[in-house]
Amino acid sequence: MAVRLLMKVSVDQIVDEGGGIRSFYFRPEDRSRFPPTSPGAHTLLRVTKGMMRQYSLCAAPGDRRYRLAIRLDPAGRGGSRFMHESARVGDVFYLSYPQPDFPLEPDRPSYSFFAGGVGITPILSFLYALQGQACRIRLCYFVRAGDAVPFEQEVRALCPQVEIFNSALNGRANFEGLLRGSQGDAIYCCGSARFVAGVQEAADALGTAAIQVESFVSGVKAGHLGEPFVVDLPRSRHILHVPSDRSMLDVLLEDGVDIDYACEAGVCRSCIVDVIEGEIIHRDQCLTEEERRTVMTPCVSRGRGRIVINSL
Amino acid sequence: MTGRVCGIYTAEVAAQEMMEGQECRLLANVGIEGDRYAKRIGRWSDRPKTEHQISFIELEVLHQIYDETGVVLTPRESRRNIITYGVRLNDFLGQTIRVGENALVYVEKLNHPCKYLERLIDKQVMTSLLGRSGLNCQVISGGIVRLGDRIERVL
Ligand code: FES
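Top line first, the protein sequences correspond to chains A and B.
Okay, so the first sequence: first residue is 1 according to my numbering, each after it adds one.
Okay, so the second sequence: first residue is 1001 according to my numbering, each after it adds one.
Treat the hints as calculated values from the structure; they're not laboratory data.
Treat the hints with care, since some could be wrong.
Using 16 Å as the maximum straight-line C-alpha spacing, the simulated EDC-like pairs for lysine to aspartate or glutamate come out as follows [claimed, not checked]:
#, chain 1, residue 1, chain 2, residue 2
1, A, Lys-8, B, Glu-1012
2, B, Lys-1049, B, Glu-1108
3, B, Lys-1049, A, Glu-254
Partial chain B-side listing against chain A, Cβ under 8 Å, derived [claimed, not checked]:
#, residue
4, Met-1001
5, Glu-1012
6, Ala-1015
7, Glu-1017
8, Met-1019
9, Tyr-1116
10, Arg-1119
11, Leu-1120
12, Ile-1121
13, Asp-1122
14, Ser-1141
We put the beta carbon where it would ideally sit given N, CA and C, even for glycine.
Same shape as in the complex, but just chain A (with noise of 0.2 Å):
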């Protein structure tokens, strides 16, 4: 857990990256400094009213600026959008205190990355943490064929001896030829969900031991999302219909209950619930198995039938 409020900020600069990827360098409006930040630690933006995702931090250390890294995805569901197209310097935006949950463990003889794409912005922060010690470093980046590789420069500084992959080629076979390279080694991936699935399959494989993903999400299936259900509020005595096209968190917003949430994606753990009764569909990427039995992620995870949740 950490504090989660809001920030007001305004945009610094604005920097091309290539491979569609812009960094916004944020200062504070409302305060001398920032929170410091640590290695791997992401904020909430809020892009617009009802609109806030999640970012990795990447500033390099020494800049008392926020660095957000933000990928273009025009199928997605517009906050990278108008980030790209809509964001000016000067402008001004809301930015979370940072959120420690991709911590990155010190004082380890030699450390493995595995970036896919965008998935390189938290492991540039654990680059920088790592600089100047004495420590074996191993990056694998993956980045797609025909795009300029992204931060190229600032990742060959950091580690000269990256390895940069097309991305065509992550399949398992390839990601467990890499990892053997690593036994041994602090591993850390970051990407897109499938990304990271690939890499925790090869690593499962090999019987490697635990590695640190990170996952992020773009685009949101539209559609049918699943059955309908209802959910019932007892502390408000208010009962909901979530309809088969539409998320429970979104009935909930709808109906002014009071409940966070920034990714949309069941990654974040910002609009978990409790459950008191009924049956969940999980699908969320956050929870174990034992919170699982008495708390949802009404972002993407749904009921059957009939649920009773608390705290709203």
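Here the structure of chain A is known, so what remains is to put chain B with the ligand in place on it, guided by the hints.
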């Protein structure tokens, strides 16, 4: 019973860290000028309710919470607009109170603490706020409110 205003806080958008002020302007049936609820972008603004126009909490409660639990809940973190001193707010339920020279507010509800606040500030305060979480009010008539202003029941 007369109390005093000892803190004034507003936020421009939902979940924003509250900003401290020396004074604020209350707008009749709207809220506090510049505040998230007056701008209709607060957390509850999709279903505007008059009770969200302005909120109050006693400074004494924040002190009690520290004495009882060791948790420091600062006025700013309490996310209420007006911090009061020297008055029992719960006694005002259902009444109209004057704040400063001219502003009148109707005390619609006792505030019910929520988990949302706990998650926002990462402090366990919901249980300790129960029964003394302050007031939710409607602005009946506007006016300027400054630090040190009096708060009293309208007879
Ligand atoms: S909004 Fe992120 S888990 Fe639901």
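Here's how the hints hold up against the structure:
Between A:Lys-8 and B:Glu-1012 the CA atoms are separated by roughly 9 Å; this keeps the pair inside 16 Å, and the hint holds. Distance check on the hinted pair: B:Lys-1049 and B:Glu-1108 sit about 10 Å apart at the alpha-carbon level, within 16 Å; holds. Distance check on the hinted pair: B:Lys-1049 and A:Glu-254 sit about 14 Å apart at the alpha-carbon level, within 16 Å; holds. Proximity of B:Met-1001 to chain A is violated relative to the hint, the smallest CB-CB distance being about 31 Å (cut-off 8 Å).
A cut of 8 Å between beta carbons decides the hint on B:Glu-1012: the least distance to chain A is about 7 Å, and the hint holds. With 8 Å as the threshold, the beta carbon of B:Ala-1015 comes within range of chain A, its nearest partner Cβ sitting at about 5 Å, so the hint holds. Annotation: interface hint on B:Glu-1017 holds; nearest CB of chain A at approximately 4 Å, less than 8 Å. A cut of 8 Å between beta carbons decides the hint on B:Met-1019: the least distance to chain A is about 6 Å, and the hint holds.
Of the supplied interface hints, the one on B:Tyr-1116 holds, with its beta-carbon coming within about 5 Å of a beta-carbon of chain A, less than 8 Å. At about 6 Å, the closest approach between the beta carbon of B:Arg-1119 and any beta carbon in chain A falls short of 8 Å, and the interface hint on this residue holds. Because the beta carbon of B:Leu-1120 sits about 5 Å from the nearest beta carbon in chain A, less than 8 Å, this interface hint is met. Contact between B:Ile-1121 and chain A, as hinted, is supported at the beta carbon level, the nearest pair being about 6 Å apart and thus within 8 Å.
Because the closest C-beta pair between B:Asp-1122 and chain A is about 5 Å apart, less than 8 Å, the hint holds. The beta carbon of B:Ser-1141 comes no nearer than 27 Å to any beta carbon in chain A, farther than 8 Å, and the hint placing it at the interface is violated.
Against the hints set out earlier in the document, violations occur for numbers 4, 14.
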